[in-house]
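The opening position of the sequence shown corresponds to residue 34 in the numbering used here, with each subsequent residue numbered one higher.
For the record, the hints were derived by calculation from the structure and aren't laboratory data. Because the structure is a prediction, the values reported are computed rather than measured. Watch out, some of these pointers could steer you wrong.
As the list claims (entries may be wrong) - Dumping the calculated DSSO-like pairs for lysine-lysine here, alpha-carbon to alpha-carbon at most 30 Å:
#1 858 to 716
#2 858 to 914
#3 733 to 757
#4 366 to 320
#5 327 to 366
#6 350 to 366
#7 716 to 170
#8 735 to 170
#9 733 to 716
#10 350 to 320
#11 882 to 858
#12 864 to 716
#13 596 to 606
#14 864 to 170
#15 327 to 350
#16 914 to 864
#17 882 to 864
#18 882 to 914
#19 716 to 757
#20 41 to 170
#21 252 to 320
#22 757 to 914
#23 716 to 735
#24 735 to 757
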Amino acid sequence: MIDERVKKAHAIFVEALSREGADRDAFVADVCADDESLRGEVNRLLGAVERSTDFLESPAISGDHGTGVTKTRLSIHDVPGYRVLRTLGVGGMASVYEAEQAHPRRLVALKVMHRSLTETSALQRFRFETETLARLKHPGIAQIHEAGTVDDDAGRPVPFFTMELVEGAQPITGYAADANTDLRTRLDMFVAVCEAVRCGHNAGVIHRDLKPSNVLVDKSGAIKVIDFGIARTLGPVESRITLESEREKLIGTLNYMSPEQCVGDDVDTRTDVYALGVMLYELVTGKLPHDLSKTSIPEAARVIQSVAPARPSTVAKDIPGDLELIIMTAIDKDRERRYPSAAELAADIRRFVANVPIQARPPTMLYQARKFAQRHRALVTGGALMVVVLIAAVVVTTRMAIVANRAREAAERRELELKRVAEFQRSQLSGIDVAAMGQRLRDTLVEKLSADGMASHEAEGLFESVNFPSVALTLIEENVLERSRAAINERFADQPLLRARLLQTLAGTMGALGLPDRAEPVLQDALAIRRAELGEDSPETLESLQMMGMLLGELGRYDEALKLLEDTYERRKRVLGPDDPDTLSTANSLGGVIRYMGRFEEAQAIWEATLATRRRVLGDDHPETLISLNNVGVIHAYQGDLDGAEVAWRELLERRRRLEGEDHPRFQNVLTNLGLVLVERGKLEEARTLLEESLDGLLKTKGEDHPSTLSTMTSLAELLIDMKDEDGEPLLRRCIDGRTKVLGADHPDTLRVRARLAAWLVQQGDFEQAADELGELLATQRERLGSDHGDTIESMHYLSLALLGLNRPADAEALANECVERSQKLAPDAKTPNAMFKVGWGRSLVGLKRFAQAETVLLESHRDLADGLGLDDPRTRESTKALADLYSAWDQAEPDAGHDAQAATWQAQLQP
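Construct all of the structure, not just a fragment, from the sequences and the given hints.
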């Protein structure tokens with residue numbers, strides 16, 4: 034619902050629009066009477082309509098210079114689920130309001146189309162804007178939340194959509210001026226704009242109305258590009274035909290309009306580059322290349338097409354030559370000489386900032402002569418023979434240039450098509466969910482056997498030991514991946530670069546599916562092609578080199594991986610600059626390999642530096658920044674810095690909640706990670722809340738039998754058991770059933786959860802059931818994992834405790850002794866687990882009345898636990914109790930030896 038005061042202001046506003054001049058002023062003054070606040074709101078709305086370049090406006094500039102819009106009778110509508118708070122802007126096509134959404138509760142920008150335009154081409158454009166925004170996912174683009182229609186007063190459907198509200202928004206030029214930002218900051222902001230526009234270009238969308246009021250900066254300094262209301266697709270012909278009626282209109286704001294827009298020519302990515310160049314000119318100099326605010330449409334079009342702008346260095350002081358060349362290249366009137374895309378423009382800015390050579394080049398003498406001849410035909414016709422010769426040369430050169438340009442355009446179209454082929458392949462392969470496929474395969478087999486007369490429980494039991502995800506992966510490898518590789522090599526033998534791109538995508542899929550050994554030769558082929566075709570330092574070759582380094586790391590070949598990634602990082606810094614996103618990506622991968630090598634402090638330094646640079650260059654909400662933030666949490670957790678891990682993951686949790694929503698798997702993954710850190714920090718209630726929330730989300734999005742769901746379910750069950758909650762044991766049994774069903778009874782993950790349940794049974798004193806379970810489990814682990822595996826050793830420990838509880842101390846001691854010996858051999862520096870295993874061994878020695886040996890073992894374990902964990906840690910207190918029990922038993926065996934006093938001393942340490 035809408036506030037009554039807002040409704041009243043809009044009712045007056047609508048009526049005032051039908052009046053002119055003094056009559057309108059008198060009407061507003063009369064109706065508003067002494068209510069200055071109401072009068073101010075009405076006048077603000079009226080002023081918004083009269084300004085053709087207002088915030089959030091998408092004007093359609095026609096030959097009469099903007100007639101018709103101000104006479105439209107606007108109306109504000111009750112949109113279900115939203116409460117309008119205030120008006121942000123009124124444009125030629127729609128009005129934009131700040132509104133409060135009920136579910137989820139948040140502030141949004143509500144864009145409602147003008148009722149009088151619902152049957153015009155503006156309706157078509159409004160719908161197109163909605164579809165465009167919905168598929169553009171980038172932190173630098175204001176995200177759409179919901180779209181639909183609402184009936185107006187006459188029952189006609191009026192389109193609306195809601196999108197992300199940019200809090201405290203300012204146009205980029207206004208923000209830069211108000212904050213008095215330096216040149217470097219302005220360039221960093223501008224690069225962020227280019228990255229957002231690049232997202233649109235990659236999706237086949239041109240903005241066509243880029244200007245400062247459509248590039249907003251929020252209170253934190255983050256960039257948001259808005260209003261794709263006149264965007265045009267680069268996609269299929271059918272999509273372009275639907276917008277052909279707009280061709281004859283000059284759409285966009287004059288100051289930022291490209292020469293081709295002025296004459297209604299087709300536009301492409303270079304049209305947006307021109308507008309970006311104008312904004313860059315304005316950011317750097319504080320002025321526009323051409324001030325057209327008081328110019329007629331025909332004269333403005335002539336200026337844009339024919340009049341050279343002043344060079345930035347003549348407008349403002351201390352403009353570096355390379356930066357001026359970048360700006361002039363972006364706003365070149367000949368689009369063939371502009372940067373081909375926003376990405377290329379951003380790359381040259383980064384090169385300039387990094388003090389490396391830029392790609393832009395000044396126009397040649399021949400090019401300038403040709404342009405001179407075109408501008409001064411009369412002078413050339415009456416001039417000297419030399420000029421005639423020059424003209425002849427220019428004509429020949431022009432023809433050659435036309436042929437070359439056509440060839441280049443054809444090549445660019447082909448490149449775009451190839452990119453789409455590769456993207457299609459990537460989207461198809463990246464959608465493979467091995468766990469889901471394995472589960473479906475299992476369910477299908479059970480259903481088939483049941484239909485053939487086998488009892489369902491028998492069919493279930495038949496597959497108990499089968500790891501269905503592994504079966505599914507084998508089928509995918511043999512029937513999809515290997516066939517894809519053969520088909521790529523056969524069908525694209527004469528297109529090496531496309532073949533390389535497709536092979537690299539295939540290798541990436543293999544790696545993601547856990548087949549790095551299969552991926553390596555495929556990636557080697559792609560790398561060899563790119564080296565031969567493009568050279569060692571091309572962006573594509575460097576991309577393949579980085580991927581190869583990551584793959585070698587996954588294969589455990591760390592020295593090779595480190596050498597390759599260090600070399601790739603240095604190359605990218607030299608070619609692209611240290612702040613380029615691709616350079617930062619290589620740094621991120623380098624940190625990962627160094628972490629695998631156990632050099633945690635080095636990895637932390639690299640990852641924290643990468644995070645800081647990504648925050649500065651890409652913004653806090655960029656997907657790659659969030660990856661870095663997660664990595665920083667991981668490296669803190671690896672080093673036992675739980676405070677650092679918690680800080681990083683709490684920030685990441687809130688950003689993912691806001692950007693991706695609570696149903697996204699990445700959000701649920703952060704919930705789980707943060708929950709586990711809180712468990713270690715003893716914040717059990719909050720940890721439980723987070724793990725329960727994560728499990729609920731995973732159950733909805735992935736289902737109960739997905740490995741991610743089962744992993745979080747296991748963590749929650751273990752926490753509940755530690756909290757002595759009665760729901761812990763049944764949930765843990767549910768985990769065992771799920772893992773057995775999906776992975777098989779003998780899979781290491783299934784065995785690990787079975788061991789956790791058995792440990793719980795020991796803690797509960799159910800020694801007989803625990804011994805039965807652990808005896809079977811240990812035999813399987815020895816066979817499957819080996820006796821020196823960490824999981825096998827832990828099962829030895831708990832089985833020895835169960836046997837001791839059954840009064841079988843000799844059997845318990847033999848197993849406990851083996852457990853300690855194998856653990857110390859496997860991980861001699863792991864003092865805490867080794868000390869805990871010694872506690873179990875010491876207790877078994879007490880059961881055998883070998884008190885002196887038990888004393889030596891238990892005192893040593895207590896010292897290690899107290900030094901590592903402190904006296905108040907539950908594990909240290911357990912060893913304290915074991916010592917008290919030792920001396921009590923020793924006193925009973927030797928009453929006069931003074932062991933009662935020792936028992937009392939240790940017992941006193943257990944008091945609160």
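Do the hints match the structure? See the list:
1. 858 to 716: Measuring from Cα to Cα gives roughly 34 Å; hence the hint is violated.
2. 858 to 914: holds (27 Å)
3. 733 to 757: Roughly 27 Å separates the two Cα atoms, so the pair holds.
4. 366 to 320: Distance ~18 Å between residue 366 and residue 320 Cα, so the pair holds.
5. 327 to 366: Measuring from Cα to Cα gives roughly 22 Å; hence the hint holds.
6. 350 to 366: holds (24 Å)
7. 716 to 170: Outside the cut-off at roughly 36 Å; violated.
8. 735 to 170: Distance ~22 Å between residue 735 and residue 170 Cα, so the pair holds.
9. 733 to 716: holds (26 Å)
10. 350 to 320: The hint holds at about 13 Å.
11. 882 to 858: Distance of about 27 Å is within 30 Å: holds.
12. 864 to 716: holds (24 Å)
13. 596 to 606: holds (16 Å)
14. 864 to 170: violated (48 Å)
15. 327 to 350: Measuring from Cα to Cα gives roughly 27 Å; hence the hint holds.
16. 914 to 864: Cα-Cα ~19 Å, so holds.
17. 882 to 864: Holds. Residue 882 to residue 864 sits at ~26 Å (cutoff 30 Å).
18. 882 to 914: Distance of about 17 Å is within 30 Å: holds.
19. 716 to 757: With a Cα-Cα distance of about 15 Å, the restraint between residue 716 and residue 757 holds, given a limit of 30 Å.
20. 41 to 170: violated (37 Å)
21. 252 to 320: holds (24 Å)
22. 757 to 914: holds (20 Å)
23. 716 to 735: holds (28 Å)
24. 735 to 757: Holds: residue 735 and residue 757 sit about 29 Å apart, inside 30 Å.
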